[in-house]
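Peer 1: Spelled out, the chains give:
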Amino acid sequence: MNCSKAHKVISPYIDGELPEQDMKALEDHIKVCSNCRAAFEEGKELHNLFTYTEEFKAPYGFNTRVITNITSEKIRGFSRFPVFVRLAEAAVIIVVIALGALTGSLAIKGNAPDKARDIMASLSLDVFNSAPPESLGGVYLAMTEAGNEK
Amino acid sequence: MFDNSDESSIIDRFKKGEKAAFEEFVLKYQDRIYNLCRHMLGNTSDAEDAAQDTFIKAYQKLKDFRPEASLYTWLYRIAVNTCLDYKKRPFFESLFKRGDEDEEDIPEAVSEAPSPEKLYESKQLGLALARSLGKLSLKLRTVIILKEIEGLSYEEIADILEVSTGTVKSRISRARDELKKYFQKIMEQN
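Protein chains in written order, with the numbering used here: chain A, 1 to 150; chain B, 1001 to 1190.
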């Protein structure tokens, strides 16, 4: 094994990912090559440094928050529909409203003048009689009109 | 690394609509996923958000999970991609959600040494290593974390990152070379 090849296999050797025969070849090489031996030792030191890294645990209540978030995602499900689905829904609503308006106009077509008169009559203030005949005012008005006739 | 029969039982029960199965799934993997996100992103707040997002995505995709694949490598893939998305987010978003390299919470170094001198030394080494990791590119940081911290094999890393084992091998080698340089520089400054 030469130095260039040795440098390439130091990392997989440290990770235990090197075939046995290459392991043996590297071990033989570093016995006789001080530069590669130094590189090998440095690699191993770096690998050992990872024992100083902290192992983090999920914070308290993490799993509860995940389940809560999933539930709220489900509630907000509508907004997750694709845009074309939401547009199709809006189009259906518009078509239903338009059909309703069209059907209504066809239903009153033909007797529209009568309907219009009825509507105007119902809205007119004439329906309110200021002095109905049975009331005191109505009797007074009747007497006044009778007097005038005389 | 994980019991396959447990994995397939969880998936079967989830597909049958058993809610408790997913809760079990979260409990089983939450520490590993959080640990990965914490090392990838370097701060607590982003790590929790990314880990939460990972499980939400997993919930949405679990029904389509193929039983012939490995559940934990599938979950790791989602977690790694989520972390990479967090790192690539636009600057204005990172103003509201911390994620800048310079703002990373440097983890507390773990030490088994009893004496104060040893404790101090271990802490310094852990801090220097965490800073060196933060200086690596995302690609190199990902492979070295999956290898050295998560203890995955080259094949598992290749599966997670969807690259060849040869690519994993060369990236790990490069990551170690760069890490060594950064580490030495930081130790010299100290």
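Hints are computed from structural coordinates only; laboratory data are not their basis.
For clarity, every value in this text was computed on a predicted model and none was experimentally measured.
Every residue gets a Cβ at the ideal spot worked out from N, C-alpha and C, and that includes glycine.
Take the hints with a grain of salt, since some may be wrong.
Derived DEER-like restraints, expressed as beta-carbon distance ranges [as the list claims (entries may be wrong)]:
#1 A:Tyr60 / B:Lys1135: 26 to 36 Å
#2 B:Ser1008 / A:Pro19: 29 to 39 Å
#3 A:Val85 / B:Leu1119: 58 to 68 Å
#4 B:Lys1016 / A:Val95: 49 to 59 Å
#5 A:Ile94 / B:Glu1155: 24 to 34 Å
#6 B:Asp1031 / A:Ile94: 47 to 57 Å
#7 A:Val85 / B:Met1187: 51 to 61 Å
Peer 1: Do the beta carbons of Tyr60 of chain A and Lys1135 of chain B sit within 26 to 36 Å of each other?
Peer 2: Holds, since Tyr60 of chain A and Lys1135 of chain B (Cβ atoms, about 31 Å apart) stay within the stated range.
Peer 1: Verify the CB-CB distance for Val85 of chain A and Leu1119 of chain B against the hinted window 58 to 68 Å.
Peer 2: Holds, since Val85 of chain A and Leu1119 of chain B (Cβ atoms, about 60 Å apart) stay within the stated range.
Peer 1: Mind checking the hinted window 51 to 61 Å against the Cβ distance between Val85 of chain A and Met1187 of chain B?
Peer 2: Since Val85 of chain A and Met1187 of chain B have Cβ atoms about 58 Å apart, the given range 51 to 61 Å holds.
Peer 1: May I ask you to test the hint 29 to 39 Å on the CB atoms belonging to Ser1008 of chain B and Pro19 of chain A?
Peer 2: Taking Cβ atoms as reference, Ser1008 of chain B and Pro19 of chain A lie about 32 Å apart, which means the hint holds.
Peer 1: Per the hint of 49 to 59 Å, is the separation of the Cβ atoms of Lys1016 of chain B and Val95 of chain A within bounds?
Peer 2: With a Cβ separation near 40 Å, Lys1016 of chain B and Val95 of chain A fall outside 49 to 59 Å, so the hint is violated.
Peer 1: Is the distance from the Cβ of Ile94 of chain A to the Cβ of Glu1155 of chain B consistent with 24 to 34 Å?
Peer 2: violated (56 Å)
Peer 1: Do Asp1031 of chain B and Ile94 of chain A keep their Cβ atoms within the hinted range of 47 to 57 Å?
Peer 2: Holds - the Cβ-Cβ distance for Asp1031 of chain B and Ile94 of chain A, about 52 Å, lies within 47 to 57 Å.
This entry does not satisfy hints 4, 5, going by the numbered hints stated previously.
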